[in-house]
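Chain by chain, the residues:
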Amino acid sequence: MSTVAEKTLSQKIKGTVTPGDIVEVPIDFTSGHEFSLPPAIDEFERINVDTVFDPDSVAVIPDHLTPSPNQRAITLYNRCKEFAMKHNTLFYPQGTQSQEHVHIPEEGLITPGDVMLAADSHSCTHGAIGVFGSGVGSTDMAYAMAFGELWLQVPDTVRFEFVGDPETWVSGKDLILAAIGRVGISGALNKAVEYGGPVVGDLPMDERFTMANMTIEMGGVTGFVDPDRRTRKYVDRRTDAEYQLHSPDPDADYALTYTIDCDDLEPQVAKPHQVSNVASLSELQDPEVQVDQAVIGSCTNGREADLRTAAKVLSGNTVDADVRLIITPGSQRLERLCIEEGLTETFLEAGATMENPGCGACFGMRTGALGPGEVAVSTTNRNVRGRMGHRSSEVYLASPAVAAASAVTGRLTHPSEVA
Amino acid sequence: MSTAFLFGDNIDTDLIAPTTADEDKTLVELCMSGVDPSFHEKFGEGDVVVAGENFGCGSSRETAPLSLRRLGADAIIASSFARIFYRNAINIGLPVFEIADATAKFSQGDDVVVDRSNGVISNESSGISYSAPSHPAFLEEIIDAGGLIEYGNRKIDRRDGHSE
Numbered sequence: 001m002s003t004v005a006e007k008t009l010s011q012k013i014k015g016t017v018t019p020g021d022i023v024e025v026p027i028d029f030t031s032g033h034e035f036s037l038p039p040a041i042d043e044f045e046r047i048n049v050d051t052v053f054d055p056d057s058v059a060v061i062p063d064h065l066t067p068s069p070n071q072r073a074i075t076l077y078n079r080c081k082e083f084a085m086k087h088n089t090l091f092y093p094q095g096t097q098s099q100e101h102v103h104i105p106e107e108g109l110i111t112p113g114d115v116m117l118a119a120d121s122h123s124c125t126h127g128a129i130g131v132f133g134s135g136v137g138s139t140d141m142a143y144a145m146a147f148g149e150l151w152l153q154v155p156d157t158v159r160f161e162f163v164g165d166p167e168t169w170v171s172g173k174d175l176i177l178a179a180i181g182r183v184g185i186s187g188a189l190n191k192a193v194e195y196g197g198p199v200v201g202d203l204p205m206d207e208r209f210t211m212a213n214m215t216i217e218m219g220g221v222t223g224f225v226d227p228d229r230r231t232r233k234y235v236d237r238r239t240d241a242e243y244q245l246h247s248p249d250p251d252a253d254y255a256l257t258y259t260i261d262c263d264d265l266e267p268q269v270a271k272p273h274q275v276s277n278v279a280s281l282s283e284l285q286d287p288e289v290q291v292d293q294a295v296i297g298s299c300t301n302g303r304e305a306d307l308r309t310a311a312k313v314l315s316g317n318t319v320d321a322d323v324r325l326i327i328t329p330g331s332q333r334l335e336r337l338c339i340e341e342g343l344t345e346t347f348l349e350a351g352a353t354m355e356n357p358g359c360g361a362c363f364g365m366r367t368g369a370l371g372p373g374e375v376a377v378s379t380t381n382r383n384v385r386g387r388m389g390h391r392s393s394e395v396y397l398a399s400p401a402v403a404a405a406s407a408v409t410g411r412l413t414h415p416s417e418v419a
Numbered sequence: 001m002s003t004a005f006l007f008g009d010n011i012d013t014d015l016i017a018p019t020t021a022d023e024d025k026t027l028v029e030l031c032m033s034g035v036d037p038s039f040h041e042k043f044g045e046g047d048v049v050v051a052g053e054n055f056g057c058g059s060s061r062e063t064a065p066l067s068l069r070r071l072g073a074d075a076i077i078a079s080s081f082a083r084i085f086y087r088n089a090i091n092i093g094l095p096v097f098e099i100a101d102a103t104a105k106f107s108q109g110d111d112v113v114v115d116r117s118n119g120v121i122s123n124e125s126s127g128i129s130y131s132a133p134s135h136p137a138f139l140e141e142i143i144d145a146g147g148l149i150e151y152g153n154r155k156i157d158r159r160d161g162h163s164e
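Residue numbers (the numbering used here), protein chains in the order written: chain A, 1 to 419; chain B, 1 to 164.
FYI, nobody ran anything at the bench for these hints, they're computed from the structure.
Heads up, some of the hints might be wrong.
[As the list claims (entries may be wrong)] Restraint-style ranges between C-beta atoms, simulated for each label pair:
| # | chain 1 | residue 1 | chain 2 | residue 2 | range |
| --- | --- | --- | --- | --- | --- |
| 1 | A | Gly342 | B | Asp36 | 48 to 54 angstroms |
| 2 | A | Ala321 | B | Ser38 | 35 to 41 angstroms |
| 3 | B | Lys42 | A | Lys233 | 55 to 61 angstroms |
| 4 | A | Val49 | B | Ser131 | 34 to 40 angstroms |
| 5 | B | Thr20 | A | Asp261 | 53 to 59 angstroms |
| 6 | A | Ala255 | B | Glu29 | 37 to 43 angstroms |
| 7 | B | Thr26 | A | Thr353 | 38 to 44 angstroms |
| 8 | A | Asp263 | B | Ala100 | 36 to 42 angstroms |
| 9 | B | Ala100 | A | Thr353 | 45 to 51 angstroms |
| 10 | A | Val163 | B | Lys42 | 46 to 52 angstroms |
| 11 | A | Asn48 | B | Glu23 | 26 to 32 angstroms |
| 12 | A | Gln290 | B | Thr20 | 24 to 30 angstroms |
| 13 | A | Glu349 | B | Thr26 | 22 to 28 angstroms |
Everything numeric in this text was worked out from a predicted model, so none of it was measured.
Ideal Cβ placement from N, Cα and C applies to all residues, glycine included.
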């Protein structure tokens with residue numbers, strides 16, 4: 001009868017919800033970064049409360065502009081720091097910085113069944129472990145910090161089943177791009193999304209996070225990946241807390257259901273300037289698409305599996321002389337792992353630039369801004385005009401394997417060509 | 001009387017307010033610059049934006065509705081809104097109205113009258129009025145309070161036993 005979104009919200013309010021209901025939901029966790037938190041602090045200070053509702057449930061995670069590249073960024077960073085100190089919230093200062101959506105589940109700060117409404121649109125990432133995660137704005141964030149609850153309209157749910165047998169090198173990124181290409185960027189507008197089927201069941205957790213992360217790119221509220229033993233194992237390794245891992249009922253009511261046939265599915269690429277502008281990689285090889293920059297990282301693809309895949313493709317290869325390859329680990333733990341396991345050596349040997357953990361080049365303001373007319377292949381989640389730099393630049397979204405292979409040849413390239 | 005400025009489907013937050021727009025001046029000057037860099041010179045106090053499906057998709061940055069409000073937008077009328085943008089607009093007191101096929105019902109430069117309290121949008125140029133679905137009662141309460149922060153402060157007053 002019920003979808004995961006309905007079960008989660010029903011349990012939270014200790015009642016039964018149906019789509020369309022507006023409920024005030026207790027918030028288990030909320031977080032903000034340098035862009036979204038300072039305006040939330042301004043609003044928070046207008047509320048007649050002395051402190052945040054629960055310091056352990058509020059995380060201040062500078063990741064967009066840290067280390068600060070300019071005066072504006074350091075002003076924002078210091079505002080975040082001052083607030084975190086004053087209210088004794090969780091805080092990850094420079095030196096421990098990580099990308100928030102990589103760090104939060106990695107450290108077990110949230111667990112299945114939680115509701116996490118946070119000031120970043122990619123908070124939907126956490127549906128990969130059964131958390132009702134969703135982005136909100138700064139005023140909502142202020143209210144959540146003050147009251148520990150927020151209003152929410154219970155969403156309908158859209159379900160995707162991934163079946164068939166994709167070709168080698170197809171990852172979670174390719175599956176989610178295929179789904180967005182199918183339904184468009186408003187295909188799940190204001191709805192929760194569920195991802196299931198045998199192809200998703202075979203994915204490692206890191207790739208499930210990638211899928212949930214891009215739910216907002218089809219307009220979705222949050223994106224749950226069907227849970228299994230792998231989900232439990234991931235969570236149990238990171239927390240001792242009790243949790244509720246909800247599966248959808250077999251006869252749950254969905255607003256829409258889609259079956260994505262993955263037989264012979266190739267790596268997928270989102271062409272400029274819209275995420276739903278998806279093509280199979282082979283369609284972009286004649287004429288060739290030359291690239292000036294390749295980016296591997298971000299809340300979409302800055303996890304362990306992504307870094308390992310990149311290393312596998314780059315090993316023994318050299319980045320094309322005309323390409324800048326930027327690799328950004330999603331967390332400090334991963335930065336260390338890269339050093340300890342020799343991935344850093346592989347990246348540097350190939351000619352990549354290794355960057356500090358965080359959001360990286362995604363929005364063109366911390367690092368790797370594109371010049372006029374330049375083209376990037378990026379593992380990030382948005383390719384709207386001007387996002388990574390100049391208005392006339394272009395971004396193609398792809399998997400870490402495709403981004404790494406393209407860095408080697410200087411054009412959009414299938415990983416099997418170089419690895 | 002407001003002048004309608006028309007936009008298509010899927011106008012995202014980076015187009016409405018790029019990441020470089022974050023202060024009073026840049027919020028105004030860069031408003032809608034992703035679609036039309038000279039938008040801020042043409043759009044005046046009290047004018048309205050009319051758009052297609054999924055207006056405000058993308059980032060959660062509240063600078064998107066804020067830039068439109070700072071530039072003087074009286075209301076945004078769209079076929080549909082992205083959820084975060086819709087929340088943000090209500091939270092900061094920028095009226096948003098959903099009218100099906102909005103872009104087919106208005107043309108660039110049309111004279112428009114917005115009756116906020118009754119949710120009636122009149123296209124004076126075509127002579128046709130449209131009624132937008134009313135907000136759920138809970139959202140009306142937030143709007144009536146003057147925004148989410150004021151709503152929260154009222155809640156504290158009630159909890160502490162102060163009369164409103």
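Here is how each hint holds up against the structure:
Between Gly342 (chain A) and Asp36 (chain B) the CB atoms are about 50 angstroms apart, so this pair conforms to the stated range of 48 to 54 angstroms. Evaluation of the 35 to 41 angstroms hint for Ala321 (chain A) and Ser38 (chain B) yields a pass: the beta carbon distance comes to about 40 angstroms. At roughly 57 angstroms, the beta carbons of Lys42 (chain B) and Lys233 (chain A) sit within the given window of 55 to 61 angstroms. For Val49 (chain A) and Ser131 (chain B), the hinted distance range of 34 to 40 angstroms is satisfied, since their beta carbons lie about 39 angstroms from each other.
Checking the proposed 53 to 59 angstroms range against Thr20 (chain B) and Asp261 (chain A) shows it is violated: the Cβ atoms sit about 42 angstroms from each other. For Ala255 (chain A) and Glu29 (chain B), the hinted distance range of 37 to 43 angstroms is satisfied, since their beta carbons lie about 40 angstroms from each other. Range check, Thr26 (chain B) to Thr353 (chain A): Cβ separation about 29 angstroms, and the 38 to 44 angstroms hint is violated. At roughly 38 angstroms, the beta-carbon separation of Asp263 (chain A) and Ala100 (chain B) lies within the given 36 to 42 angstroms, and the hint holds.
At roughly 49 angstroms, the beta-carbon separation of Ala100 (chain B) and Thr353 (chain A) lies within the given 45 to 51 angstroms, and the hint holds. Checked against the hint of 46 to 52 angstroms, the C-beta distance between Val163 (chain A) and Lys42 (chain B) comes to roughly 51 angstroms, which is consistent with it. A hinted range of 26 to 32 angstroms holds for the C-beta pair Asn48 (chain A) and Glu23 (chain B), which are about 27 angstroms apart. Gln290 (chain A) and Thr20 (chain B) have their C-beta atoms about 27 angstroms apart, which keeps the hinted 24 to 30 angstroms range intact.
Take Glu349 (chain A) and Thr26 (chain B): their Cβ atoms lie about 42 angstroms apart, and the range 22 to 28 angstroms is violated.
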